[in-house]
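Asker: Sequence:
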Amino acid sequence: MQQQLPVIFLTFANDKVDDALYLRNLPKELHGIRTALDKAEKAGLCEVIERTAATVNDIFDTFQDPRYKDRIAMYHYGGHASGNQLMLETLDGGHGASHSEGLVPFLGRQKGLQLVFFNGCSSQEQALELSEAGVPAVVGTSSAIKDDIATELSGRFYNGIASGASINQAWLQAIDILKTKNSTKKKKGLKLRRDKGSDFPWSMYIREGAEIVKDWNLPSASKNPLFGLPELPKLNLPEEPFRFLRRYEPEHAEIFFGRDRYIRQLYDRITSAKAAPVILFYGQSGAGKSSALASGLLPRLEQEADVKYLRRDPQIGLLGTLDSVLGGGFEEALVKKQERTAIFIDELKSRIEDLVVFAETIEDSEKAAEVYFTIKILNNQLAATDSPLHLQSGNSRLERWLSIEAKTGRPFHILLDQVEETYTRFNPDLENELEQLLQEIKNIFSNASHRPKGKIILSYRKEYNPEIEDLCKKLEIPREKIFLKKLEREDIIEVVQGIASTNRLFEKYKTSIDENLPAVIADNLLEDKDSPIAPVLSILLTKLWQLSQKEDYGEFTVQQYQDLRKEGILMEDFFHQQMEKIRVWRPKYEESGLALDVLNVHTTALGTADSRALEELRARYEHQGEAINELLGQFKDLYLLSDAGKDQTGLAHDTLAPIVIREARESDKSGQRALSDHLPDTKPAELSPSSAA
Numbered sequence: 000m001q002q003q004l005p006v007i008f009l010t011f012a013n014d015k016v017d018d019a020l021y022l023r024n025l026p027k028e029l030h031g032i033r034t035a036l037d038k039a040e041k042a043g044l045c046e047v048i049e050r051t052a053a054t055v056n057d058i059f060d061t062f063q064d065p066r067y068k069d070r071i072a073m074y075h076y077g078g079h080a081s082g083n084q085l086m087l088e089t090l091d092g093g094h095g096a097s098h099s100e101g102l103v104p105f106l107g108r109q110k111g112l113q114l115v116f117f118n119g120c121s122s123q124e125q126a127l128e129l130s131e132a133g134v135p136a137v138v139g140t141s142s143a144i145k146d147d148i149a150t151e152l153s154g155r156f157y158n159g160i161a162s163g164a165s166i167n168q169a170w171l172q173a174i175d176i177l178k179t180k181n182s183t184k185k186k187k188g189l190k191l192r193r194d195k196g197s198d199f200p201w202s203m204y205i206r207e208g209a210e211i212v213k214d215w216n217l218p219s220a221s222k223n224p225l226f227g228l229p230e231l232p233k234l235n236l237p238e239e240p241f242r243f244l245r246r247y248e249p250e251h252a253e254i255f256f257g258r259d260r261y262i263r264q265l266y267d268r269i270t271s272a273k274a275a276p277v278i279l280f281y282g283q284s285g286a287g288k289s290s291a292l293a294s295g296l297l298p299r300l301e302q303e304a305d306v307k308y309l310r311r312d313p314q315i316g317l318l319g320t321l322d323s324v325l326g327g328g329f330e331e332a333l334v335k336k337q338e339r340t341a342i343f344i345d346e347l348k349s350r351i352e353d354l355v356v357f358a359e360t361i362e363d364s365e366k367a368a369e370v371y372f373t374i375k376i377l378n379n380q381l382a383a384t385d386s387p388l389h390l391q392s393g394n395s396r397l398e399r400w401l402s403i404e405a406k407t408g409r410p411f412h413i414l415l416d417q418v419e420e421t422y423t424r425f426n427p428d429l430e431n432e433l434e435q436l437l438q439e440i441k442n443i444f445s446n447a448s449h450r451p452k453g454k455i456i457l458s459y460r461k462e463y464n465p466e467i468e469d470l471c472k473k474l475e476i477p478r479e480k481i482f483l484k485k486l487e488r489e490d491i492i493e494v495v496q497g498i499a500s501t502n503r504l505f506e507k508y509k510t511s512i513d514e515n516l517p518a519v520i521a522d523n524l525l526e527d528k529d530s531p532i533a534p535v536l537s538i539l540l541t542k543l544w545q546l547s548q549k550e551d552y553g554e555f556t557v558q559q560y561q562d563l564r565k566e567g568i569l570m571e572d573f574f575h576q577q578m579e580k581i582r583v584w585r586p587k588y589e590e591s592g593l594a595l596d597v598l599n600v601h602t603t604a605l606g607t608a609d610s611r612a613l614e615e616l617r618a619r620y621e622h623q624g625e626a627i628n629e630l631l632g633q634f635k636d637l638y639l640l641s642d643a644g645k646d647q648t649g650l651a652h653d654t655l656a657p658i659v660i661r662e663a664r665e666s667d668k669s670g671q672r673a674l675s676d677h678l679p680d681t682k683p684a685e686l687s688p689s690s691a692a
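Residue 692, in numbering that gives the first Met the number 0, is where the sequence shown stops; the numbers in between run on with no holes.
For the record, the hints were derived by calculation from the structure and aren't laboratory data.
Hints are not guaranteed to be accurate.
What the hints assert, rightly or not - For lysine-lysine, the following BS3-like pairs were computed, each having C-alpha atoms within a straight-line distance of at most 27 Å:
| hint | residue 1 | residue 2 |
| --- | --- | --- |
| 1 | Lys213 | Lys178 |
| 2 | Lys635 | Lys549 |
| 3 | Lys484 | Lys110 |
| 4 | Lys180 | Lys38 |
| 5 | Lys273 | Lys222 |
| 6 | Lys549 | Lys507 |
Said to hold, decoys possible - Computed spacing ranges between beta-carbons, pair by pair:
| hint | residue 1 | residue 2 | range |
| --- | --- | --- | --- |
| 7 | Asp572 | Ser448 | 54 to 64 Å |
| 8 | Gln647 | Lys406 | 24 to 34 Å |
| 9 | Lys406 | Lys580 | 47 to 57 Å |
| 10 | Asp37 | Glu239 | 37 to 47 Å |
| 11 | Gly632 | Ser511 | 44 to 54 Å |
| 12 | Pro586 | Arg661 | 19 to 29 Å |
| 13 | Asp37 | Glu230 | 20 to 30 Å |
| 14 | Gln302 | Glu475 | 27 to 37 Å |
All of these numbers come straight from a predicted model, not from anything done at the bench.
Where is the CB? At the ideal position from N, CA and C, for every residue including glycine.
Make a model of the complete structure from these sequences and hints.
Answerer: What follows is the structure in structure tokens.
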């Protein structure tokens, strides 16, 4: 089925009767808009329809044309207007008005319509009526406007739209360019409105409750949301295109699919000078937040800015993780110095007080004078010491961030992932860890005139959004939010089709996709509302890939999928299938409960994935040294554990944690029985090593 592209409908009407009212720049406006939109039309982002010398019937006939039903997303009118009329033409070249009492409700009922742009004099009243009638965004003017300025404004706006900018971005860019070239303060070039509200006659009205229209853009509407973003660097493609439960890294960007809309949103927000400097990016466990940042956003953003993707280090916490890229750590050293100084001052004051008391008891005047002289010296030392210490200029985190940008001449962005671990992997040595991070972020970004060009993204699981949002609100941190939804039908289809979607990928992986398979998989996965779709889909595609590699020419078929579905494709099925492989490989490890205990150690009391140092694991299972080494390696090969940093292992995915915990609690294997006999109400991962292991 052919893609139904959004339509941009352009109408223009001139006054051919009264030469004094003839708009000589109107053909130039049409040419400018048409030229701007031409690149978008050629890129397959939209379809453009234009009607010059437009009549009332031209407008209604075009909207009612079955070919364009519910597809007209933008309607533009260039010409004369008044408070309640658009001055159109008649077939014989005369005047023909379109009255607002008919046109307004008609446009308000057009389902696909996102924006109406009235580029005519004094169209504000109609614009407000259209907004109230249901049109999400309307541009109108409060007074008479100058022909050449109107021409440039519309051209700049549609040039932004054609480049992939959102409605709001394109509008703000057009205004900035116009105001740069035409000083509103000197009142030159623009016929300004006479009221005191604003010197700029054009306004965009956003209907209350329809604010999402600000983010509407052609790439997303045409199902090509990555249009206009920087090209990915051409790296060597990975040997295998699917990663089981491992997250996608920057080097996997070319094979990462299904999150294009969110990559676009993140990119637009973080690169926009008008957007808030702090972006809260959150979603359900298993939705793909980490992969979207590391494999989707980072490689594109690096083309024009300096970017660091960070995951919270539990040993040093969120602030320490931030400092790992900002450098320094001066504040912490200063605090420690202040603490030591305070102790010294208290001791000095106490000694002075003791000397004063002692001096008063001395009868020998010469000896008393010596003591009082000593007291004077100590008081001078106290005065010199008892003064506040201040951060030196250039040593605060703000100044360090600004210094990085000054050296490179580019924005410096930070993508801080796993923020929720301040709750799920609490470090008792880091009190108020999240509050301290957010307070520092406030210090960095609160002053709009003196803050970095770069921004920070805080990424975390949606369960912790209320707490994080409340703290941000309390601290008045300037922020925006992006909620990452679970994979939807079109996303799943895109993921399944991914490795055959370009010639480069097809040549590398030599795999074709049965044309019915993407929709079949999508519909089946969406039947289970509670299933973590992204990791389940990743497991499924990895298995399909492994099956296809047994043939000379790879193909993903519906029959292969149905066979896998009978075996079980859900996360719990995957867990049991992998544990069965452990049993076949080393029966004693699975039957004794050792294998399950090792996995359970990699979970938290909150039911999330955790990591463990190899040293800690070897100490816990000190009598099972060789077994532990073997098990850890096998678990990694089976995608149940993964490397989580230097000399650390972690559970492969958060969505595995609840399954592992439940299996451990319900297990009657000797290892789990021994644990429950000692502490029946405590989760095995929190206990000392099991002797039964």
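Asker: Next step is simple, just say for each hint if it's right about the structure.
Answerer: Now the hints, each set against the structure:
At most 27 Å may separate the alpha-carbon atoms for a hinted pair to count; Lys213 and Lys178 meet this at roughly 21 Å. Of the supplied pair hints, the one linking Lys635 and Lys549 holds, its CA atoms being roughly 23 Å apart against a limit of 27 Å. Restraint check: the Cα-Cα separation between Lys484 and Lys110 comes to about 24 Å, which is no more than 27 Å; the hinted pair holds. Taking the CA atoms of Lys180 and Lys38, the gap is near 25 Å; set against the 27 Å cutoff, the hint holds.
At roughly 25 Å between alpha-carbon atoms, Lys273 and Lys222 fall within 27 Å of each other, so this suggested pair holds. This hinted pair checks out: Lys549 and Lys507 have alpha carbons roughly 16 Å apart, not beyond 27 Å. About 56 Å separates the C-beta atoms of Asp572 and Ser448, a value consistent with the hinted range of 54 to 64 Å. The hinted window of 24 to 34 Å between Gln647 and Lys406 holds, with their beta carbons roughly 33 Å apart.
Hint check: Lys406 to Lys580, Cβ distance near 51 Å, so the stated range 47 to 57 Å holds. Under the hint 37 to 47 Å, the C-beta atoms of Asp37 and Glu239, about 41 Å apart, fit the expected range. For Gly632 and Ser511, the hinted distance range of 44 to 54 Å is not satisfied, since their beta carbons lie about 35 Å from each other. A hinted range of 19 to 29 Å for the beta carbons of Pro586 and Arg661 is consistent with their spacing of about 23 Å.
Distance hint check for Asp37 and Glu230: the Cβ-Cβ separation is about 21 Å, which falls inside the suggested range of 20 to 30 Å. Between Gln302 and Glu475 the CB atoms are about 33 Å apart, so this pair conforms to the stated range of 27 to 37 Å.
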